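Colleague: Sequences and hints are given; from them, build the entire structure.
Just so you know, the protein sequences line up as chains F and G, in that order. Reminder that position 155 of the first sequence reads as 155 in the numbering used here, one-by-one numbering, no gaps. Reminder that position 66 of the second sequence reads as 1066 in the numbering used here, one-by-one numbering, no gaps.
Quick caveat, the hints were computed from the structure, so don't treat them as lab data. Owing to the predicted nature of the structure, the values given are computational and were not obtained by experimental measurement. One thing to keep in mind: the hints can contain errors.
Here are the in silico distance ranges between beta carbons for each label pair [said to hold, decoys possible]:
#	chain 1	residue 1	chain 2	residue 2	range
1	G	L1208	F	K291	36 to 46 Å
2	G	N1061	F	E455	28 to 38 Å
3	G	Q1142	F	A416	17 to 27 Å
4	F	K262	G	W1169	44 to 54 Å
5	F	L247	G	M1173	58 to 68 Å
6	G	L1208	F	K262	46 to 56 Å
7	F	E391	G	N1061	21 to 31 Å
8	F	R439	G	P1215	26 to 36 Å
9	F	E24	G	Q1142	56 to 66 Å
Idealized CB from N, CA, C, for every residue including glycine.
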Amino acid sequence: MQKRFMAIWFRHLTTDWLTLKQPELAAIPFVFAAPERNRIIITAANPVARAQGVYKGMAAADAKAITSNLQVLDHLPDKEAKLLRQLGLWCIRYSPIVAVDLPNGLILDISGCAHLWGGERVYLKEIVNKLRTSGYNARAAIADTIGTAWAVARFGKKTPIIESGMQAQALLNLPPVALRLEPLILEKLQKLGFSTIKSFMLLPRTVLRRRFGEGFLLRLAQALGLENESITPLVPPVPYTERLPCLEPIRTAKAIEIAIQKLLEGLCTRLQSEGKGVRKATLKCYRIDGKLVQAGISTNRGSHSVSHLFKLFVLQISKIEPALGIELFLLEAYRVEDIGVPQEKLWAGNPGLQDIALAELLDKLAGKIGAHAIHRYLPAEHYWPECAVKEAASLTETPATHWRTDRLRPLRMLHAPEPIEVMALLPDYPPKVFTYKGRRHVVEKADGPERIEREWWRDKGEHRDYYAVEDTSGQRYWLFRSGHYDAAPQWYLHGFLA
Amino acid sequence: MTTAPDRKELISRLQKDILQWEGYKAPPSGTRELVGLGPVEGAFPNGVFPLGTMHELVCGNTEQATACGGFISGLLSVLMQNGGASLWIGLSGNVFPQTLKVFGVDPDRVIFINLSKDKDVLWVMEEALKCAGLAAVIGEVQEIDFKQSRRLQLAVEQSRVTGFILRNWSKKMGSTACAARWKIKPLPSETLDSLPGLGFPRWQIELLRVRNGQPGNWIMEWSQGRFKPVSKPVIKHQELMVG
Chain F
1 MQKRFMAIWF
11 RHLTTDWLTL
21 KQPELAAIPF
31 VFAAPERNRI
41 IITAANPVAR
51 AQGVYKGMAA
61 ADAKAITSNL
71 QVLDHLPDKE
81 AKLLRQLGLW
91 CIRYSPIVAV
101 DLPNGLILDI
111 SGCAHLWGGE
121 RVYLKEIVNK
131 LRTSGYNARA
141 AIADTIGTAW
151 AVARFGKKTP
161 IIESGMQAQA
171 LLNLPPVALR
181 LEPLILEKLQ
191 KLGFSTIKSF
201 MLLPRTVLRR
211 RFGEGFLLRL
221 AQALGLENES
231 ITPLVPPVPY
241 TERLPCLEPI
251 RTAKAIEIAI
261 QKLLEGLCTR
271 LQSEGKGVRK
281 ATLKCYRIDG
291 KLVQAGISTN
301 RGSHSVSHLF
311 KLFVLQISKI
321 EPALGIELFL
331 LEAYRVEDIG
341 VPQEKLWAGN
351 PGLQDIALAE
361 LLDKLAGKIG
371 AHAIHRYLPA
381 EHYWPECAVK
391 EAASLTETPA
401 THWRTDRLRP
411 LRMLHAPEPI
421 EVMALLPDYP
431 PKVFTYKGRR
441 HVVEKADGPE
451 RIEREWWRDK
461 GEHRDYYAVE
471 DTSGQRYWLF
481 RSGHYDAAPQ
491 WYLHGFLA
Chain G
1001 MTTAPDRKEL
1011 ISRLQKDILQ
1021 WEGYKAPPSG
1031 TRELVGLGPV
1041 EGAFPNGVFP
1051 LGTMHELVCG
1061 NTEQATACGG
1071 FISGLLSVLM
1081 QNGGASLWIG
1091 LSGNVFPQTL
1101 KVFGVDPDRV
1111 IFINLSKDKD
1121 VLWVMEEALK
1131 CAGLAAVIGE
1141 VQEIDFKQSR
1151 RLQLAVEQSR
1161 VTGFILRNWS
1171 KKMGSTACAA
1181 RWKIKPLPSE
1191 TLDSLPGLGF
1201 PRWQIELLRV
1211 RNGQPGNWIM
1221 EWSQGRFKPV
1231 SKPVIKHQEL
1241 MVG
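Modeller: So this is what it looks like as C-alpha cells:
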C-alpha cells in the first residue's frame, strides 16, 4: 500500500498556547525572548505584536522601541516539545502513528486512516478545524513523503493534498528552505541564486554532491520519495488493537458495554485464528473534551474468550467516566501469549491449578478486589521465617524445592513479631510464664531452642532463638528471644501453632 | 396397636425415607470414612461427612482459630488429594503456607486471598463456590447472617464444592444455613512416656449443630498425617499413671 503522511505545522505554537491559558493576553502584543550573545532576541511573537512589525529573531529592545506596550516574557525552554507531545497524543485518535517534529510540527502516518473519515480532504479539514477551534493556528498537508508534506504544509500555496506520485510537481515552485536544509547550505543556495527548488532539482547529482554534500541530496531524495524516511512514533503501536469510532458521542454504561462487546469480538476472532490469548489489555476511551480515560484488565492465562474478557471489562465500566461523551474506543491487547488448544478430558480428573475456570475466577476477583490481594506461595530456600515463602509469579509456576516439614512452624504467623513479657527460670531455658496482650500464660511444655541466624548478606541484626511452647490449657505459641540471653534480651511472640 | 420395638423400627425407617427425600443417599458399602475423621463421621446422616455443603467453625480467639485452621487443613488433605486446588480467603492473612504441608496439603495449590471486610470476603467466597473445579473454599469472617449463609449454601449446591466458614470473634450466634457448626479447641497434648517437649496437636472437636445428625464431642489428635481419635479412658489412665 502506498504510504501517506500528514504534516501539521503549528505556526505560533507557544504564543497560541499562552493565549489559550491567559485569554486576556489576546489583545496585547507579547513576545517570548531569550538571551543570545548578550542580546535579548525574540523567539516567538503573538499576532498583535506581529501586526505592529515585530518578528522572530528581532532584538527585544528594537521591538520595544516600535511598539508602545510590548510585553516581553521569558522564553520557556522545552515548552514546544511538551506541547507537541500533548497535541500528538490527542492526534492518536486520527492515526495510531504520530511523531513529534520539533520545533513546531507533527508528522502523522495516515496510511489507511483517511477513508474512515470519508476521504483525505474531509480528514484534513476535520483535523485542522478541530485544532483551530481549540485555539492553535495550524496548517496541514498530505503527501506520499514526509518531506513533501512538510514542505507543502509550510510553503504550499495551492492545495494541501498532494496526489500520490506528484511530489516533484508540488515542490517545483517552493523555496529551498522547504527541503529542511541546514542554514549553511541555504545560504550557499541563496548566493548562487537558486530561489526555487525547480532551479536545482534537475541538475546532475555529482555536481550537487560536490557543492552541497550528501545531506543535501538525501533531503531532496526523501522529499521526492526516492529514499525512505522513518519516524519515531510517540506511542509505540500495539500489534493487537481494535478501534471503534462512534458516530455520536457515547455516554451510557449500556452503550459502553455494546462497544466493548464489538471490540472484543473483532479482537478475539483475530487472536483465535493466530492461536493467541490476551494477558493484559487496556480499553482507551477518547472523550470529546479531549481527555483520555482508560481501564485495564489482566488475566492469569491467555484468553481469547469473548464472554470471559467481557465479564472482566464489565467490572471496570464503573471506572470509565464518559463526561460529555466518548467518541473513540481503542482496545489494545499489549500483552498476548500463545495458548495451546485445550484437550478434552474424557475421564474425570481434577485439573487443579490448570483449570481454566479457576483462572477465570481469579481474573474476575482481581478485577474487583485488585490483584494485590491474591497470593500463591512457593517455598524459598531460607531458614529466616519471614523469607521462607515467596510469592509465585504465575498460576503455573511449580515449586523448585520441597516444602520443608522437619521444623515446627506456626500455622498462623504474625506479620511482625509482637513483644511479650516473660519469666524464664534459667537464662537459656524456655520461659515459664509469659504475658501477651494482658493475658498471662503458664507454660507447661516447650520445645526448643531452635536458633535461626539472620542472613547477614540481607540485613543486620540479632539472631533469634525460637521456642514452641504450650500453656496449661493446651494453646500453643511460637516465641523467640532476640539475641543472646546475657544482654537482657527482648522476647517476642511470632505465631500460633495448631 | 403396635408394640414398642415395632414403633422404633417404623420411626427409623421413616427417618431413612426422609433423608432420601432430602437428597442424602446411603453410601455404597466400603466408601465410608471419606475424610478420615473416624467416629466423628458417625454423627452425620448415613454416617457420611457431608461434602459439597457449607460448614461453619466458631472460634473465640486466635488460638482457637489456629486450631480450626489445623482441623480444616487436615480435612483439606483428603479433599485435595486428587490434585484439586482450594482458596483460603482470610481477614487476617496470617496463615503460614509452609505449615499446611504438615497437615498433608500442598501449600502451592492453595490460593490465599487477603481482604479486610466481611462483605468482600462473602462476595469472593460466593464467586469461588460457584467454581466447580475447586476442592474447597475457606472463608474467614467475623459475622455472617442467615441470608448470607443461605446464598453460599445455594452456590455450593450447584457446584458441589465444600465450603468452610471460620467465624472469628463472632459476637452473635444466629442460625445459619450451614450443614454443620463446629467448635474446635486446643487441648494439652500428651507425649509418649512423659518425655519433655510438645506432643501431637490435640483438639476438642465439638459438633454443636448438624443437620439431620447427632451433635457430639470428641477428642482428636493429628499424628502421622491423619486424624487419630483419643478415647477419654486412656487419658484418665495416663493421668493416673502420671499422678
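Colleague: For each hint, tell me whether it holds in the structure or not.
Modeller: Hints, verified against the model:
1. L1208(G) to K291(F): 36 to 46 Å: violated (58 Å)
2. N1061(G) to E455(F): 28 to 38 Å: holds (33 Å)
3. Q1142(G) to A416(F): 17 to 27 Å: Since Q1142(G) and A416(F) have Cβ atoms about 22 Å apart, the given range 17 to 27 Å holds.
4. K262(F) to W1169(G): 44 to 54 Å: For W1169(G) against K262(F), whose Cβ atoms are near 49 Å apart, the range 44 to 54 Å holds.
5. L247(F) to M1173(G): 58 to 68 Å: holds (60 Å)
6. L1208(G) to K262(F): 46 to 56 Å: holds (54 Å)
7. E391(F) to N1061(G): 21 to 31 Å: holds (29 Å)
8. R439(F) to P1215(G): 26 to 36 Å: holds (30 Å)
9. E24(F) to Q1142(G): 56 to 66 Å: Holds: the Cβ-Cβ distance is about 60 Å, inside 56 to 66 Å.
This entry does not satisfy hint 1, going by the numbered hints stated previously; all others are met.
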